[in-house]
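*Asks:* For reference, the chains in residue letters:
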Amino acid sequence: MNQTAAALSGAFALAGVGAVAGLLTPARWRSAAVGAATTGVGVTGAVAGIAAVSGTVWQVRLADLLPLAGVSLAVDALAGWFLLLVGGVATVVGVYTVGYAGRVGHGPSARGALALLPLFVAAMLLVPAAGSVSTFLLAWELMAVTSLLLVLAEHRHSPAVRTAGLWYAAMTQAGFVVVLLGLAWLAAAAGGESFAAIRAGTAELSPLVSSGVFLLCLAGFASKAGAVPLHPWLPRAHAEAPSHVSALMSAAMVKLGVYGIVRVAFDLLGGGPRWWWLLLGALGAVSALYGILQAAVATDLKRLLAFSTSENIGLILLGLAAAGLLAGTGQLAVAGVALAAALLHAANHAGFKTLLFCGAGSVLRATGTRDLDQLGGLSRRMPATTALVAVGALGAAALPPGNGFVSEWLLLQALLHQASAGGTVLTIAAPVAVAVVALTAGVGVATYVKALGTGFLARPRSTTAAAAVESPPTMLAGMGLAAAVCAGLAVVPAVAAPALGRIATSLRVESAPLQGSGVDLRLAGIASSISPLWIAVGVVGLTVGFAAVARAVGRARRRAAAWDCGDGPLTARMEYTATSFVEPLQRVFDNVLAPEQDVDVTHPAESAYLVRAVAYRRRLPDRVEARLYRPVITAADAVGRAARRLATGSVHRYLAYMLTALVAVLVAGVLR
Amino acid sequence: MTVGWIVAAAQVVLVAAVAPLLVGFTRAVRARLEGRAGGRIAQPWRDLRKQLRKEPLIPADAGVFFTAAPAVLMATSVLVVAAAPYLSTRGPLSGSVDLIVVVGLLLLGAVALALAGLDTGTAFGGMGASREVTIAALVEPTLLLSVFALSTRVGSTNLGAIVAAGTSNQAQVFTPASALAAAALAIATLAEAGRLPVDNPATHLELTMVHEAMVLEYSGRDLALVEWASAMRLTILLGLLANLFVPWGVSTSLYPGAVALAAGVFVAKLGVLSGLLAVGEVFAAKLRLFRVPELLAGSFVLGLLAVITSAVLA
Amino acid sequence: MGLIRKIRGVGRVAEPAPEASVRPLPAAAGLGGSVQVRHVDAGSCNGCEIEIGQAFSPVYDVERHGVRLVASPRHADVLTVTGPVTVNMAGPLRKTYEAMPEPRLVVAVGDCARDCGMFADGYGVLGPVSDVVPVDVQVPGCPPEPAAIASALRGLTGR
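Chains as they are written, first to last, in the working numbering: chain A, 1 to 672; chain B, 1001 to 1314; chain C, 2001 to 2159.
Hints are computed from structural coordinates only; laboratory data are not their basis.
Misleading hints may appear alongside valid ones.
[To be verified] Label-pair ranges, simulated between beta-carbon atoms:
no.	chain 1	residue 1	chain 2	residue 2	range
1	B	L1261	C	L2003	45 to 55 Å
2	A	R612	C	G2091	23 to 33 Å
3	B	A1285	A	G568	32 to 42 Å
4	B	V1312	A	N591	41 to 51 Å
[As the list claims (entries may be wrong)] List of simulated lysine to aspartate or glutamate pairs, EDC-like, C-alpha gap at most 20 Å:
no.	chain 1	residue 1	chain 2	residue 2
5	C	K2006	B	E1034
6	C	K2095	A	D564
7	B	K1286	B	E1055
8	C	K2095	C	D2131
9	C	K2095	B	E1206
10	C	K2095	B	E1055
11	C	K2095	C	D2136
12	C	K2095	A	D567
13	B	K1286	B	E1206
14	C	K2095	C	D2041
[Unchecked claim] Covered by chain A, per the in silico footprint, the following chain B stretches (three or more residues, Cβ under 8 Å):
no.	segment
15	1031–1045
16	1049–1062
17	1153–1161
All of these numbers come straight from a predicted model, not from anything done at the bench.
Using N, Cα and C, we set each Cβ at its ideal position, and we do this for glycine too.
Modelling step: build the complete structure from the supplied sequences, incorporating the hints.
*Replies:* Set out below in structure tokens:
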């Protein structure tokens, strides 16, 4: 039993302990007990991940644990990367939960909701650890069910939670069915259900089978990952789930969809024809652009973060697509950089999105609202939370020296420096992909300026926001931990280089795509380099330096009323809100977003030229959902209503159905 | 190594000193074309010196985002200047800060100012911030496509490498792709620096403002830092335009003579470009805000054409 | 092309600056030759505004002496005020003055600003500018000539 095995076993044991503790401990100690257990699961999971990415692989088959198939675990470097990711997120969320679910009688502090938390984390650890199709599917379903129940934790609170649960349940189960079909087909065609057997058998697969398996798995995994157009569950579930669950889902669970794509497409199927990767790239590009545009116009803070998850998944998929495409043309070095960019971005996104969802949870807990239009003024009431959210927003906006910048830089390098030998398709696809990444980054900046600027700065626009108080220390500690990880990834991303090299080698792409010398980040096959550490030191050092010199040389600052053009006073109602902030951007992308706006002007009785009141309403329905899903739902409803006519309540009629069916079966049997 | 840092420091000092003069020169050229006598070229320096001595005010509800923004803006500008190949392509930071980082750092400065505008809690501050980030978001694709066009022929996004390749192999510089990329980058420069026809730096009407609206609340040394840094950003962008597309004169070594010559050539290039900018501004009117995306879409198409042309011709 | 011909045809509009005896104001010494002006019309008939506009026009062009109009009192060193201060404008005038960073100076332009001029004892008139904010320089005239305004502003820049 090696390090990986010990740590992973410890994680599963701790999860069991945590679940029992959640059920048995009295309400006062419950959140602390479960939080500690979840942190434990996270830490041990992360340790197992670190051991695995450092080369300690582990394989085991427990034939007796489950009837028929048994349980088979196989942890390699790729699995280790995602174990580390899930474990890291769970560690932060565990600490955060102590404070977040600490208020007794609050939705997430319920017995069931807390007991499920460590189980959900354990299920997420089991997914990458699975070594056979049956174990993988079991873990996948376990993860889906536990997360669904956690999403529904506050179902008594609002009907929106129930709708979100319904969407999530329907889509995650549909996704499961598709993945089940794909993997079962693959196992049957390859002649074995363990991943090792499949890997050995894929060489003889016909293109029809491998493409069929790819498409089925892609559909299932992309819907779990929240890629547009398979995303509608995501903004609902992420927004309505308790915030620590949102953090786990957005930062960790969604990444396992990415894991599934990498495992099946790169590892099990061993790559494929060009159109696979173009399809994946198109999916990524659409997700990135549509996700960030919806995030930019969202006024609900958690909905904004949820759509930004779709965006980041899009960027990750774009990186994977580039890696597959470039590996296909033999440019292994650049393909390795693209793969490293995708995996590093997965980790970076996990870091900042955990932080941001926890921050949103703190805001929700302090003010009771997620509506950015109603917030504002939190920077003075919750200074620590604001500072931590700012760190996350810097990473999410992909600005230097944030952590998101490093992985987007890698992605851009891979897209910029593919050789023109790649053919016409690549010549056209690469600049388009660069433009997509650039526009996504630009709108992303606008999105997070909006989230931070209108949500936290200036004056409060509602009484609840004005009454906000700082979160308890455990919540801040959890977020601080996430912020520290973000800072670490931003400043010394080269620490991930050996792990990414091992993964790239195992996926037959490139042995060492990143060549970090600690400070500089150098790439295989590309002459570009940056040193994130020097950039961070430069920005922070010079900022502090200029502030200090200006302070020493100049006169002291004096507070004065904001300039109100001589009239006044300025009220918070005159501030720019989240809605007004994105209005120009929304107008630019009018054709994509198709907002529904109406302006009602009411006139006094005396004259139609005078105005008594103006009401402005804006709705931004999810257009993909309206066009793609509504017709299906309507059709399903119609079929259901039609089928209802069969069931009138008459016992005779039901007996007649049974008789008819029996006769039909008998006739069929005789005829055969 | 030490020589490299001295050259980097010299670049910072040169750009910091020249930037206000550049603004003064632009104003002087405009004044002359408009039949006015105009202020002196050193007038912006006098303005800065005075502002540094004045008392800074802070709006009642603003916090650290408001007070920190001028320093962040200045820091990003200085970092970019230190890393850019204005005098020599062998600067000590040329391997640490590449063209994508430069784009990112300039955006970081703009973001700091936008957050400061929101932090004041005034309608104008929010309005300026909203407009600024909208334009910044739409400029980004053009900027990165220009980076694409410039970097593929060199195989690196490092600024020093791009400029050095241009000086050593001059046939690379005057290609149709470079011309298209230069045109795209020029439009992006106007938008980033807040010049006509995207934004009018001389406007007094709040409703037409973009950049000015965000800084309406600044005074004293804060205002001085913002204005100085804004002038430096204009110089940075014009300098990049000059050295990326007309790389002659940039020293590829660290010899003092070559660097001194490069400084002279650099200032001359800046003079020509800012003169052109001023002349262009006399002839241009500010675009309506919602027409700006059309201009930027045009620059995006130019950038895309540049990339595809360079791939086809390669 | 038409514009280029016009630029060449019109040439320089600005008249040569008079070698007027500029008496620098001691209070403005700290400004070091840079004066940024915010203007408030506290109740004027707009006659003085037209003349101030002329002072900033190409013909008199005070910008050559280091004077510039700015959009915010935060950016300004000098407040120019015209007209008798009406009851409604007293508050905004005081607020504008308070919104300016120190050191700050006030120039009262025109007879109305000095002593309410022909509007003295009007029902809506509160009083001269000096009743509301401290005045440093006065420019007499109804309205004052642009040259007088320019000369007063030159006294502040010292050039």
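*Asks:* If a hint holds in the structure, say so; if it does not, say that too.
*Replies:* How the hints compare with the structure:
Between L1261(B) and L2003(C) the CB atoms are about 38 Å apart, so this pair departs from the stated range of 45 to 55 Å. A hinted range of 23 to 33 Å for the beta carbons of R612(A) and G2091(C) is consistent with their spacing of about 28 Å. At about 33 Å, the beta-carbon gap between A1285(B) and G568(A) stays in the expected band of 32 to 42 Å. Taking the beta carbon of each, V1312(B) and N591(A) are about 30 Å apart, not inside 41 to 51 Å as hinted.
Only pairs whose Cα atoms come within 20 Å are accepted, and K2006(C) paired with E1034(B) is accepted, the gap being roughly 10 Å. Proximity of K2095(C) to D564(A) is assessed by CA-CA distance (about 9 Å); at most 20 Å being required, the pair is judged to hold. Distance hint between K1286(B) and E1055(B) is unfulfilled; the C-alpha atoms sit about 33 Å from each other, more than 20 Å. A hinted pair counts as satisfied when its Cα atoms are at most 20 Å apart, and K2095(C) with D2131(C) qualifies at roughly 14 Å.
With a C-alpha separation of about 18 Å, the suggested pairing of K2095(C) with E1206(B) holds against the 20 Å cut-off. Proximity of K2095(C) to E1055(B) is assessed by CA-CA distance (about 17 Å); at most 20 Å being required, the pair is judged to hold. With a CA separation close to 18 Å, the supplied pair K2095(C) and D2136(C) stays within the 20 Å bound. Taking the CA atoms of K2095(C) and D567(A), the gap is near 8 Å; set against the 20 Å cutoff, the hint holds.
For the suggested pair K1286(B) and E1206(B), the alpha carbons sit about 14 Å apart, so the restraint of at most 20 Å is met. With a CA separation close to 13 Å, the supplied pair K2095(C) and D2041(C) stays within the 20 Å bound. Given as covered by chain A, the segment 1031–1045 of chain B fails the check, having 0 residues with a CB less than 8 Å from a CB of that chain where 3 are the minimum. With a cut-off of 8 Å between beta carbons, the segment 1049–1062 of chain B has 11 residues touching chain A; three or more are needed, and the interface restraint holds.
Note: the segment 1153–1161 of chain B has 6 residues with beta-carbon separation from chain A under 8 Å; the three-residue rule is met and the coverage holds.
Of the numbered hints listed earlier, those contradicted by the structure are 1, 4, 7, 15.
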